[in-house]
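There are 4 protein chains.
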Amino acid sequence: MAGFNQLFVPGPTNVPESVRQAMNMPMEDMRAPDYPTFTRGLFTDLMKVFRNETGRAFIFPSSGTGAWESAITNTLSPGDRVLMSRFGQFSHLWVDMAERFGLDVDVVDVEWGTGVPVEIYAERLAADKEHRIKAVFVTHNETATGVTSDVGAVRAALNAAKHPALLFVDGVSSVGSIDFRQEEWGVDCAVSGSQKGFMLPPGLGFLSVSQKALNAAKTAKFSRCYFSFEDQIRANDTGYFPYTPAVQLLRGLRAALDLIQEEGLDNIFERHHRLATGVRKAVDAWGLRVCAKEAKWNSDTVSAIVVPEGIDSADIVRRAYNGYQTSLGVGLNKVAGKVFRIGHLGWVNEVMMCGAISAAEMSLRDCGVKVQPGSGVGAALEHYRLSAQPAVAKAA
Amino acid sequence: MAGFNQLFVPGPTNVPESVRQAMNMPMEDMRAPDYPTFTRGLFTDLMKVFRNETGRAFIFPSSGTGAWESAITNTLSPGDRVLMSRFGQFSHLWVDMAERFGLDVDVVDVEWGTGVPVEIYAERLAADKEHRIKAVFVTHNETATGVTSDVGAVRAALNAAKHPALLFVDGVSSVGSIDFRQEEWGVDCAVSGSQKGFMLPPGLGFLSVSQKALNAAKTAKFSRCYFSFEDQIRANDTGYFPYTPAVQLLRGLRAALDLIQEEGLDNIFERHHRLATGVRKAVDAWGLRVCAKEAKWNSDTVSAIVVPEGIDSADIVRRAYNGYQTSLGVGLNKVAGKVFRIGHLGWVNEVMMCGAISAAEMSLRDCGVKVQPGSGVGAALEHYRLSAQPAVAKAA
Amino acid sequence: MAGFNQLFVPGPTNVPESVRQAMNMPMEDMRAPDYPTFTRGLFTDLMKVFRNETGRAFIFPSSGTGAWESAITNTLSPGDRVLMSRFGQFSHLWVDMAERFGLDVDVVDVEWGTGVPVEIYAERLAADKEHRIKAVFVTHNETATGVTSDVGAVRAALNAAKHPALLFVDGVSSVGSIDFRQEEWGVDCAVSGSQKGFMLPPGLGFLSVSQKALNAAKTAKFSRCYFSFEDQIRANDTGYFPYTPAVQLLRGLRAALDLIQEEGLDNIFERHHRLATGVRKAVDAWGLRVCAKEAKWNSDTVSAIVVPEGIDSADIVRRAYNGYQTSLGVGLNKVAGKVFRIGHLGWVNEVMMCGAISAAEMSLRDCGVKVQPGSGVGAALEHYRLSAQPAVAKAA
Amino acid sequence: MAGFNQLFVPGPTNVPESVRQAMNMPMEDMRAPDYPTFTRGLFTDLMKVFRNETGRAFIFPSSGTGAWESAITNTLSPGDRVLMSRFGQFSHLWVDMAERFGLDVDVVDVEWGTGVPVEIYAERLAADKEHRIKAVFVTHNETATGVTSDVGAVRAALNAAKHPALLFVDGVSSVGSIDFRQEEWGVDCAVSGSQKGFMLPPGLGFLSVSQKALNAAKTAKFSRCYFSFEDQIRANDTGYFPYTPAVQLLRGLRAALDLIQEEGLDNIFERHHRLATGVRKAVDAWGLRVCAKEAKWNSDTVSAIVVPEGIDSADIVRRAYNGYQTSLGVGLNKVAGKVFRIGHLGWVNEVMMCGAISAAEMSLRDCGVKVQPGSGVGAALEHYRLSAQPAVAKAA
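Residue numbers (full-length UniProt numbering), protein chains in the order written: chain A, 1 to 396; chain B, 1 to 396; chain C, 1 to 396; chain D, 1 to 396.
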């Protein structure tokens with residue numbers, strides 16, 4: 001088929017040209033004398049994206065799942081009690097991992113379309129006078145349902161209860177795209193991956209940790225090697241890695257971090273909010289709704305759109321792919337068949353989003369959903385132009 | 001700015017990924033023993049795109065302008081009378097070149113928005129009993145106004161008059177995108193360039209010629225060296241070039257020709273017609289009109305859209321570029337300020353066109369043109385989905 | 001500095017142009033409907049490189065170290081007794097991992113420069129009537145010393161003892177470069193990585209396993225998630241992955257597997273032997289020797305060259321890098337300062353090796369080692385030309 | 001075949017990685033509002049490479065041959081008398097072009113292996129009291145024979161004769177590689193191309209001109225359009241081009257000019273001299289000689305090496321290509337079969353040259369030339385290391 005494929009899954013996201021150019025490289029020796037000069041800047045600038053000021057960051061050749069595993073196995077011990085919540089495929093998988101590693105998981109199940117139940121967390125923490133809970137887990141952005149949770153509120157609950165538990169955050173589809181403040185929120189283990197807000201191909205797992213997490217690693221009893229903090233620290237401190245790093249992706253990471261610094265984190269967050277708002281206006285114009293139950297849960301990185309009864313959302317995704325060369329996200333697990341997803345994170349802009357909405361409109365109509373042609377994209381583009389900087393608003 | 005730039009000028013056009021990959025190469029020796037194996041396939045397959053069966057094709061490191069010059073200087077002599085018509089910036093420039101080379105140019109000026117005046121050509125040819133006219137020039141697709149002329153009708157006029165003049169066609173923005181039949185239409189010199197339907201970066205000029213043109217070259221008296229047929233033929237016949245060819249673009253050309261063969265010329269023409277129709281439906285929905293005066297002149301590779309009185313079309317193009325990272329075509333020469341252009345040729349598809357139309361809608365409204373948000377893109381996308389293969393038409 | 005950097009470390013190795021082109025790609029959705037068509041071919045062809053006919057292969061976003069960990073955690077249980085040997089940095093690190101995971105490691109330490117002590121292994125296996133040894137580990141090619149061990153002989157020892165232990169092989173710097181026969185040798189877990197014989201950037205860990213290993217996974221008691229066989233199998237069987245795979249490297253892997261199939265494994269092994277022999281002839285001509293104690297240990301993928309007393313091999317490596325833009329391998333651990341290494345695996349040919357040897361000669365002389373200028377490269381190139389196919393041997 | 005191809009023809013030359021990365025780009029609009037910001041820097045920095053301070057430079061989508069044609073057709077008129085000399089294939093072709101354009105060419109034929117006969121030029125100029133000679137042509141570096149001529153001496157001859165003729169220099173294989181001083185030497189038209197010292201793929205012709213040449217263009221009577229100064233000036237002055245420029249190569253040119261500025265022209269000249277000297281020492285060690293008759297003619301960008309009687313140099317080139325994936329230059333025209341050429345210009349360094357010499361040694365021996373294996377590369381590498389910066393000279 002002709003023309004460019006259009007990628008609007010919530011990761012992998014589109015790779016900027018400068019990142020792509022940087023990865024178009026011959027191989028290099030990761031033990032070269034001048035390699036540390038390169039790697040040190042990476043770690044420093046990576047921490048800035050997490051707004052981690054006093055801890056350190058690890059870069060694993062892995063997916064974000066590997067970084068989850070690193071967080072658990074380096075700071076906890078078998079049988080440790082942890083507080084988690086489940087409201088989507090990714091929070092579900094994290095619970096599953098914790099259970100498989102033998103943690104004593106206190107899972108709070110809440111409705112899909114909502115997020116971390118801060119009040120319940122607050123109660124449990126307040127009740128846990130003996131501090132048996134060793135860690136509290138927050139899926140910052142549940143990619144399956146397009147729900148963003150309030151990390152700061154969980155920190156407040158911990159503080160209110162004067163609870164010493166570690167705070168773990170899955171920021172795979174949030175860090176670098178929406179507001180995340182590791183230092184301010186006292187996040188001990190913040191997990192992310194290369195293929196979302198970092199605008200890289202998948203293949204790097206990031207784990208940004210606090211000094212408290214580093215201290216916890218000294219007594220944590222899980223076996224670990226590949227994902228060991230200690231090995232990384234020993235090598236990273238010399239500018240190298242304990243085993244061969246993914247050198248091509250590291251060169252891409254450099255270019256991506258440069259782009260992030262150039263645009264500025266706050267501008268990036270604002271751009272994501274603006275683009276996401278346009279998508280939500282399109283959904284409204286279609287007469288449909290997003291999976292997030294209330295506006296406060298709305299994610300600025302991905303929207304899960306609920307299809308009408310009797311329609312299989314998988315058909316819409318398949319139609320967009322086969323008919324219009326456009327990748328949308330399928331519904332996963334409990335919302336399989338019920339939602340399709342539009343990723344609006346990373347290297348995206350207004351016109352790209354109008355393309356995504358257009359593809360969705362064609363596919364919805366092809367599958368029998370009677371949205372008005374042009375209604376969604378019209379609502380979105382009018383929002384985009386009215387909110388553009390510098391503002392221009394001639395037509396009425 | 002974030003996200004991909006969107007390119008909808010009528011050339012350079014978007015480069016397919018496989019072409020881009022093919023050009024991501026180390027340098028090579030254009031005198032290598034096995035280079036002819038490579039070049040021979042290029043010439044053969046290039047001729048197929050022109051539907052030239054009995055002549056030959058030349059590949060110059062140049063723009064299409066160079067191929068124009070090659071056509072003139074190799075087949076004509078100073079003072080030769082030629083019949084040309086002018087109805088846009090590119091037909092104008094071709095006339096200018098002919099005059100500067102000292103040809104005796106009979107220019108027929110017709111209204112911009114119309115094309116080659118076949119009836120007038122027929123009269124002049126019928127009247128030219130002494131066959132003083134040595135060549136008849138046709139701008140197949142006037143890129144400045146979005147007008148396609150009828151090459152076959154000019155051939156018919158030549159035949160009706162039993163006139164031996166050479167037939168020159170500027171196919172820069174037509175060949176490989178819309179129906180072109182060199183053999184059937186008896187085109188003697190067909191000019192094109194790499195950066196339009198061939199989906200390559202600019203840098204190659206193509207000239208596809210008939211045996212009649214090759215014969216004419218034997219007596220043509222212009223001085224020529226860089227663009228000489230004779231030098232090319234001598235070298236090309238051995239699989240090489242008379243001077244260093246643009247080897248990187250040649251590798252890209254191989255990939256582009258493969259894509260063209262894979263999709264099939266007739267399918268490519270159909271795709272261009274379908275995408276162009278969608279754009280024209282958008283223009284209708286906006287309440288605007290294209291520059292082409294009648295439907296028969298409509299170009300399937302570029303639409304020039306007339307803006308309302310009091311609006312400067314250059315503002316719209318500038319707004320799209322600065323505000324929405326989208327390159328549209330400006331109005332040139334007589335239609336400067338009056339039209340903006342959307343290129344819909346080469347490596348394009350439905351969603352890309354919806355993006356282009358969305359960018360145009362935002363820019364039009366920003367500049368005070370009261371098009372209904374979503375009206376154009378809605379009209380286009382509904383056309384695209386209803387004409388998609390295989391057809392799917394559920395929503396009413 | 002000008003000109004291309006020269007890479008002759010034993011991994012990462014040079015990436016072929018077609019692999020580089022394949023990785024120059026926009027991102028794609030790893031959940032696309034047609035993705036399984038792509039992934040299935042990868043698994044099938046990857047197994048062929050291991051000559052694994054009846055098991056299956058796993059592809060992890062990781063380094064080879066991750067694949068080591070996967071082998072251990074999926075097929076063994078804490079406290080299991082394993083038989084290992086140590087004779088270089090990489091066999092050392094594997095022992096270290098096994099110990100950290102709580103295996104009961106019977107380590108046989110042998111002189112660096114020799115390899116797996118098959119006779120001792122045979123004795124231990126014969127003595128282990130109760131089959132307490134659950135797995136036997138073989139570092140096929142010790143990258144630190146340039147020593148290749150005899151995997152087939154270890155299989156013979158297992159068979160002679162009628163011992164049911166699993167056979168683990170570290171083939172990171174052997175598979176795809178030198179003779180490896182998983183099926184014939186009954187290797188249960190064969191580990192490799194993308195950045196050596198597979199000619200890719202680092203970032204993929206490969207684990208090719210037998211049915212026996214898959215069965216062992218059913219009762220193995222280590223916690224595991226990221227590197228779990230079970231999760232991979234469930235997803236891979238549908239053509240997908242349990243978490244986001246490194247899609248860019250997977251496209252590169254496709255291109256690399258195509259190159260491997262095109263050249264043919266046996267031809268690849270023969271090429272590596274020929275190139276390695278040339279390097280060893282150069283070492284002889286210099287009056288130096290390789291670290292491998294006997295010819296039978298010589299590795300065809302990397303040569304560790306012993307420098308004269310009083311010379312620090314790290315100076316030579318540094319000089320080659322800073323003075324001649326050439327990356328050679330440093331000595332690691334016990335042979336730090338004593339050897340430097342030339343990698344001759346992957347996408348290499350005669351002229352590249354002559355360049356490597358030239359760089360080594362300049363650096364050796366700069367550091368005070370009195371090798372005769374041109375002696376090594378002369379010996380190597382004469383070997384290369386005399387062993388070239390088709391043979392040409394005019395000059396005497 | 002495996003491993004990288006090795007390119008040592010005297011153009012196209014090896015493309016640096018940063019240039020390759022810069023050309024790995026999506027297409028762009030050459031009429032974009034901010035395009036002039038980009039192009040202006042190109043012209044400014046291009047002139048610096050020619051050391052042209054007061055004239056201007058033109059960039060054509062063409063080969064260097066096109067720039068030759070531009071120089072002639074814009075500054076001369078049919079029938080003008082010009083003084084040229086012929087001593088190789090490229091000076092021959094330039095004479096041929098001048099004759100075909102109807103210039104009255106006074107050709108001085110001198111032995112191949114020598115260069116511009118300054119004394120004869122001086123005589124002719126002194127004798128031409130009526131100033132009938134309108135231009136004097138100098139092939140600065142004759143690529144076919146590896147001969148560099150003395151441009152400054154020709155300027156001195158012109159000055160001594162107080163002769164107003166224009167000075168034309170073919171600097172295709174010299175500018176950016178060896179000392180060239182347009183302003184100081186009063187060169188009026190200096191021709192070059194992208195694929196030599198500029199380290200780009202072929203496809204751009206450069207013409208750097210003096211104010212005197214620009215004045216001459218006002219009265220020059222050749223027809224011209226594609227290569228017209230006037231059209232270029234009018235467009236370039238606005239930051240654009242008169243027809244579609246080769247935008248991808250222009251982005252590459254930016255990266256190449258950055259590299260040139262970073263290394264510094266004088267350092268580049270010194271590097272070329274050092275690398276060329278090594279090649280000549282190799283030729284001496286082989287017992288062969290270069291085509292240049294005296295040391296003063298030696299070119300620092302290409303060496304043409306004379307093979308012994310009874311040997312066909314084309315066999316050596318073919319053997320290097322087919323047997324060792326190495327491209328050497330063939331002998332052209334009068335020296336066909338008699339010389340082979342090693343290009344040592346552009347993005348080259350010591351180890352690359354050792355590879356080239358190694359390939360030549362293998363090929364020479366394969367073809368029956370009894371050079372001592374390692375003799376040439378040994379002589380070269382010893383020169384390289386002794387002349388390296390900073391100098392290191394331990395081994396005796």
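Simulated from the structure, these hints should not be mistaken for lab results. The reader is advised that the hints may include incorrect statements.
For identical chains, the list gives no copy identity; a pair is met inside one copy or between any two copies.
[Claimed, not checked] Below, computed lysine to any residue pairings styled on SDA-like, alpha-carbon distance capped at 20 Å: (1) K221 with G79; (2) K129 with L42; (3) K394 with G79; (4) K221 with E99; (5) K394 with D312; (6) K370 with A393.
Hints versus structure:
no., hint, verdict
1, K221 with G79, "both (10 Å within a copy, 16 Å between copies)"
2, K129 with L42, "neither (41 Å within a copy, 53 Å between copies)"
3, K394 with G79, "neither (63 Å within a copy, 55 Å between copies)"
4, K221 with E99, "both (16 Å within a copy, 14 Å between copies)"
5, K394 with D312, "between (41 Å within a copy, 14 Å between copies)"
6, K370 with A393, "between (31 Å within a copy, 11 Å between copies)"
Checked against the numbered hints above, the structure breaks hints 2 and 3 and satisfies the rest.
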